[in-house]
Structures are given as C-alpha cells and as structure tokens.
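Q: Sequence:
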Amino acid sequence: MYSPRSLMLLPVTFFDRDPRKVARALLGKVLVRKTGKTMLAGRIVETEAYLDGDPAAHSYGGRTKRNDVLFGPPGRSYVYFIYGNHFCLNVSCLPDGVPGGVLFRAVEPLAGIEEMARARGVVLQGAGDLRTDLQRLTSGPGRMAEAFGITRERDNDKDFTDPQSDLFIADDGYRVRKAVSTVRIGITKAAEMPFRYVIAENAFVSKLR
DNA sequence: GAGGAGATCGTCT
DNA sequence: GACGATCTCCTCT
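Heads up: the first sequence runs through residues 33 to 241, numbered per this note's numbering.
Some hints here could point you the wrong way.
Each computed EDC-like pair below joins lysine to aspartate or glutamate, with the alpha-carbon atoms no more than 16 Å apart [what the hints assert, rightly or not]:
{"#": "1", "residue 1": "Lys53", "residue 2": "Asp84"}
{"#": "2", "residue 1": "Lys69", "residue 2": "Asp198"}
{"#": "3", "residue 1": "Lys190", "residue 2": "Asp84"}
{"#": "4", "residue 1": "Lys66", "residue 2": "Asp198"}
{"#": "5", "residue 1": "Lys69", "residue 2": "Glu146"}
{"#": "6", "residue 1": "Lys66", "residue 2": "Glu147"}
{"#": "7", "residue 1": "Lys97", "residue 2": "Asp198"}
{"#": "8", "residue 1": "Lys66", "residue 2": "Glu233"}
{"#": "9", "residue 1": "Lys66", "residue 2": "Glu146"}
{"#": "10", "residue 1": "Lys66", "residue 2": "Asp194"}
{"#": "11", "residue 1": "Lys97", "residue 2": "Asp189"}
{"#": "12", "residue 1": "Lys69", "residue 2": "Asp191"}
{"#": "13", "residue 1": "Lys190", "residue 2": "Asp128"}
{"#": "14", "residue 1": "Lys66", "residue 2": "Asp187"}
{"#": "15", "residue 1": "Lys210", "residue 2": "Glu233"}
{"#": "16", "residue 1": "Lys221", "residue 2": "Asp100"}
Note that these hints are calculated values from the structure, not bench results.
Please read these numbers as outputs of a predicted model, since none were measured by experiment.
Can you build the whole structure from these sequences, using the hints too?
A: What follows is the structure in structure tokens.
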C-alpha cells in the first residue's frame, strides 16, 4: 500500500514557466484525487508539452470558450473531450494571458487502485495477469482520465496548487533516475517536435518507441 | 503482435 | 459539416 511520508504541494511558480520544463519536472510527481473517503494517486510517468505558438496546441487558433484555461493563470486543470469518447487532462503553464500547457499521458497507479479499476470497468485478475491489468489501467490519456473519474464538466479549471482542491499535484520525494524525450503522439501538426517526456524503462508509459 | 477501422460528439469553420 | 493531443476490438499472420 502506498503511504508517503509527506506530500508537498507544488507551488504556482512551478507551472509559471516553459511547458517543456514543466513537462520534464512533472515526471515522478504524484497526481492526487480526493474523493469522499478514498484517495486516488498515481505517479506521473509520461507527459507532453504544448507551447505558445505551437501549431499542435489547442490554443493555436486563438482563445475560445473551450481552451480558455490554457490562456489563464498557471497551475489550472484543462480538460477536453476528444474523439467522441475520451477526456484528457492537462495543466496550464506560463503567466496569465500566455497560452501553454502540459498533457498528462500516463501515470503509475499508487493508491485507490480498486477504485480506478471500477471507474474503468475493469476486473482485476489474479496474480498472473495483475501486472498487465495495472498497465492498462492508466497508460494513456483517455485511460488515466477515466480511471481518475475526470470529466470536463466537473474538473475543468480546477487549481492544482490549492490544498482545498480535490485534484492536486504533489512531490513525495521520489527522484527520477532517467528521463527521455521523444516525439509527441496522436497529432499531425508539428508532430516531429520532441516534446513528449517519459521516465525511461517505466512499464506504465502508454507506448514504447 | 501488428495493423486497421469504428465508435461517437463537442467545438469551430 | 469536418475532424480530432484516443481506445478497443477484430482480423490476419
């Protein structure tokens, strides 16, 4: 069972900088969702950066009702619906007025695993397939959003740096040994830019390349 | 185990 | 009216 000695909330300044730096720095941090009596927690193992002036970013076409959070203050949650099926979770970066964000692509489940499995409609198998099941639980933007019960209606524009928030990001002291950057996934514009960050040799990244 | 197509709907043109 | 920062299932090898 996951029992961290201490969870240090990340400050707003952590997010008030280049999304590439934020994306890299977020690796190894812990995404936490507090529900009624249980706590869902996952170690961030895969992120993608979306920059100001980035053709692949949702903010590229200008500020709209949908992408408004990306243009707002740093450290807020940006949730969008995609392909008629999935929600994806981001955090806004850069100062108020400047668009930028980081997409959470995968986490390693730490706490509330049964809750996550329920949210995903998955039945965890016995010892034999447990490892495989865990990997499928949160490895991918749509999967982890579903596991954490993220919806746009409920979770868009929440403050990740507010201790009162039921959705926040913390540092539990874990240190990443090796991080790698690769090209981003699932996009067509500016697809060649190496703004995807993963923890090297971690089994919970969404796709090995 | 790799590859392809369908699902399904909010958002912007 | 087109398309998308994805996932799952099905088929073929």
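Q: Which numbered hints does this structure break?
A: Checked against the structure, the hints that fail are numbers 3, 7, 8, 12 and 16, while the rest are satisfied.
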